[in-house]
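J.: Single-letter residue listing:
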Amino acid sequence: MTARDVLPIVVVVALLALIPPLVSSNTVLNFLVFTLIIALAAQGWNILGGYGGQYSFGHAVFFGTGAYATAVLQVHAGLNAWLTFGLGIAAGALVGFVIGFLSFRSGLRGSYFALVTLAFAEVFRIVANAAGLTGGAAGILIKLDVRPENFQFQSRGAFVWIGLGLVAAVLLATRAIERARFGAYLTAVRENEDAARALGVDPFRVKLAAITLSAAVTAAAGCLYAQYFLFLDANIAYGAWISVEALVAPIIGGIGTVFGPLVGALALQGLGHLTSHVAGEVPGIDLVVFGVLLIVMVAFAPEGIVGLLARLRRLGRRRPAEAT
Amino acid sequence: MKIASNTGEELSMSERPLNVSRRKFLQSSAAGAALAATGSVAMPGVLRAQAAPIKVGVLQPVTGALAYDGQQGRIGAELAIRDINAAGGIKALGGAKLEMVFGDARSTPEGGTQEVEKMQAAGVAAIVGGFASPICLATTQAAARYDLPYIVDVGVSDQIVKRGLKNTFRFGPGFGTVATQALDNLARINDAAGKPAKTVVLVHEDGLFGSGLAKLMAAELPKRGFEVLEMIAHPTPTRDMSNVALQIKAKNPDLVIPSSYYGEFVLLSRTMQQQRIRPKGIYAVLNGAASNFRFVKEFPEAANHVMDCNHWHDPRKPKALELRKEVEGKGNFWTYNIPMNYSAVLLLADAMERAKSADRAKIIEALAGSTFAGHIMPYGPTKFADGQNTGAAPVNTQVQGNDIKVIFPETFADAKPVFPVPA
Numbered sequence: 002m003t004a005r006d007v008l009p010i011v012v013v014v015a016l017l018a019l020i021p022p023l024v025s026s027n028t029v030l031n032f033l034v035f036t037l038i039i040a041l042a043a044q045g046w047n048i049l050g051g052y053g054g055q056y057s058f059g060h061a062v063f064f065g066t067g068a069y070a071t072a073v074l075q076v077h078a079g080l081n082a083w084l085t086f087g088l089g090i091a092a093g094a095l096v097g098f099v100i101g102f103l104s105f106r107s108g109l110r111g112s113y114f115a116l117v118t119l120a121f122a123e124v125f126r127i128v129a130n131a132a133g134l135t136g137g138a139a140g141i142l143i144k145l146d147v148r149p150e151n152f153q154f155q156s157r158g159a160f161v162w163i164g165l166g167l168v169a170a171v172l173l174a175t176r177a178i179e180r181a182r183f184g185a186y187l188t189a190v191r192e193n194e195d196a197a198r199a200l201g202v203d204p205f206r207v208k209l210a211a212i213t214l215s216a217a218v219t220a221a222a223g224c225l226y227a228q229y230f231l232f233l234d235a236n237i238a239y240g241a242w243i244s245v246e247a248l249v250a251p252i253i254g255g256i257g258t259v260f261g262p263l264v265g266a267l268a269l270q271g272l273g274h275l276t277s278h279v280a281g282e283v284p285g286i287d288l289v290v291f292g293v294l295l296i297v298m299v300a301f302a303p304e305g306i307v308g309l310l311a312r313l314r315r316l317g318r319r320r321p322a323e324a325t
Numbered sequence: 026m027k028i029a030s031n032t033g034e035e036l037s038m039s040e041r042p043l044n045v046s047r048r049k050f051l052q053s054s055a056a057g058a059a060l061a062a063t064g065s066v067a068m069p070g071v072l073r074a075q076a077a078p079i080k081v082g083v084l085q086p087v088t089g090a091l092a093y094d095g096q097q098g099r100i101g102a103e104l105a106i107r108d109i110n111a112a113g114g115i116k117a118l119g120g121a122k123l124e125m126v127f128g129d130a131r132s133t134p135e136g137g138t139q140e141v142e143k144m145q146a147a148g149v150a151a152i153v154g155g156f157a158s159p160i161c162l163a164t165t166q167a168a169a170r171y172d173l174p175y176i177v178d179v180g181v182s183d184q185i186v187k188r189g190l191k192n193t194f195r196f197g198p199g200f201g202t203v204a205t206q207a208l209d210n211l212a213r214i215n216d217a218a219g220k221p222a223k224t225v226v227l228v229h230e231d232g233l234f235g236s237g238l239a240k241l242m243a244a245e246l247p248k249r250g251f252e253v254l255e256m257i258a259h260p261t262p263t264r265d266m267s268n269v270a271l272q273i274k275a276k277n278p279d280l281v282i283p284s285s286y287y288g289e290f291v292l293l294s295r296t297m298q299q300q301r302i303r304p305k306g307i308y309a310v311l312n313g314a315a316s317n318f319r320f321v322k323e324f325p326e327a328a329n330h331v332m333d334c335n336h337w338h339d340p341r342k343p344k345a346l347e348l349r350k351e352v353e354g355k356g357n358f359w360t361y362n363i364p365m366n367y368s369a370v371l372l373l374a375d376a377m378e379r380a381k382s383a384d385r386a387k388i389i390e391a392l393a394g395s396t397f398a399g400h401i402m403p404y405g406p407t408k409f410a411d412g413q414n415t416g417a418a419p420v421n422t423q424v425q426g427n428d429i430k431v432i433f434p435e436t437f438a439d440a441k442p443v444f445p446v447p448a
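Residue numbers (our numbering), protein chains in the order written: chain B, 2 to 325; chain D, 26 to 448.
Treat each hint with caution, since some may be false.
As the list claims (entries may be wrong) - No farther apart than 25 angstroms at their CA atoms in a straight line, the calculated lysine-lysine pairs in the DSS-like style are these:
1. D:K441 to D:K342
2. D:K220 to D:K430
3. D:K322 to D:K441
4. D:K187 to B:K144
5. D:K191 to B:K144
6. D:K441 to D:K223
Simulated from the structure, these hints should not be mistaken for laboratory data. Since the model is a prediction, treat every value here as computed from it, not as a measurement.
All chains, full assembly: derive it from the sequences and hints.
T.: Structure below.
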């Protein structure tokens, strides 16, 4: 990685980090925390889906495992919240490893892999809905006790920084993967698995590493959700909504790019709130506007926002050249 | 700390100019003019401009899976605010009008939390609503950060009031109360009819509400002299109830106790009707359909004589009947969300009257000591213990001749139970 690789990340993160001291509106900060949670989940998806080409429809399984591990270990085992945060990420990674091992060993690709991940998420949701450990369908509550050692803060700004710190770490990690041998293997597997194998890449190991890492990142988003909202039930943790958010954000932002998930999450969540703000009284009209804009974006910017910006830049460069 | 001081500043900033003008006015005019604020024709315009409106947050899920319930709840809150304002606003505060700040919880806890933040920024004095338990759990907690009084309208999960949140008050009964009452009332109705029912089949959806209730029923019914023949679980949504109906037919129970949401229960009762399965009674608990006029209007035959233990208005209170007529006159169905939210807003207004302030801490204090009895629910006077209204209780309803009647307890009843159901 060179300074040129790191610089844009530092600039973007620094700009976002300036928001909490400058903006006192908790509405904005709350929005930012939620958006960062989605961005983190989407970054996880992007490692496996964007770079590795393995489209998962069930990233909720990792999000939920991280969230539940954090909550259950705090509530039932009485562990410290910071410790359970780490354990939640580890639990998510483990589930990712196991699901990856099972499905990649059986050679599942493309839509079959997507369906299997969807099924796993559903199974986890149903089990969590019935099990006693997770509080069943009544859900699980983390006790409100606002102290920094409990990973609970009075100011929303603290959560923005923690979320931002995690997002920044993953931005850097993704950039590092892009530049590393592992990233090249991953792209090779995405483009043509058989050709990659012929060149000596072990697709199974590469994909297994990618899904484990991807799961860990998405699990971190789940841990953060649990710690911020302090309440979980099976439909929140393992519901299809988070699988969709994790997948749509990179698609809108720019699939297989470092900034794609963050840009996508900011754009989508921002758009949602902006339209609801403008649309005002009529319930649901913002969702209609939101849907139309989504269709327009997918139709006219299939490479996402990052791809669109890159295309505009290329066009901008070409024009002066033509003029001379 | 920073947040608290910020909001304090915001509030005082917005209130100061108005307070000053009122004080000046009171100094220069007789106290009698102020007293006449509600009825005087001499200077109503001037006086109305005196008291700053009090913002009240109304939080309901009006988009997403719970949109229908949210809309109904909103109607109730809006009607209450309209009536309070028409009657002269909060009299202890110079006739200050209530102003609704509406928030759409989008049927999710995050959506609800975001709206609480918006309401906090708008400077509301209190929040009413939430509807679903997960939304209430998240939003009460978000409001607790600002010591913002929060009256839960429905949310039956007992966790809501078991977290020691000082700002949270639940007007309606919780799950535990409803379940015990349902069992006791069933036993009493059965005893009064000469114990015709001895055997029971439980049908339940497999979520929080259905399986929790079924488990409790299976444990408690034998103690009250009933034999549970079978427990049949089904997921939500389910699109075919033929198998469940056939299982019921095979067991031939005296009573069917379903705990399902609207769609599934409607399907089940219609399937039972088609297959001519006629138990001596269908006794639902907190059912989505059994106390719903849509079901009664659309499938009158399947709905007839279904009993339910649920939230319902007090049919002896003229105001409740008047509201029902008004709501139905506008083409809406009457559901329990309307009287519950109506009553919850009245409860809040009463607390403001007694607190003589729109200050949050004072409202919380007034709510905690509330003995409010002017609501339209079949509850006694309000009395909060740890945030739960101990006066709240469900009632038993029964569909009788295209109407939903209260059949139990007798003090609130406007009809006698039809049990066992005539074949």
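J.: Name the hints, by number, that the structure is in violation of.
T.: none
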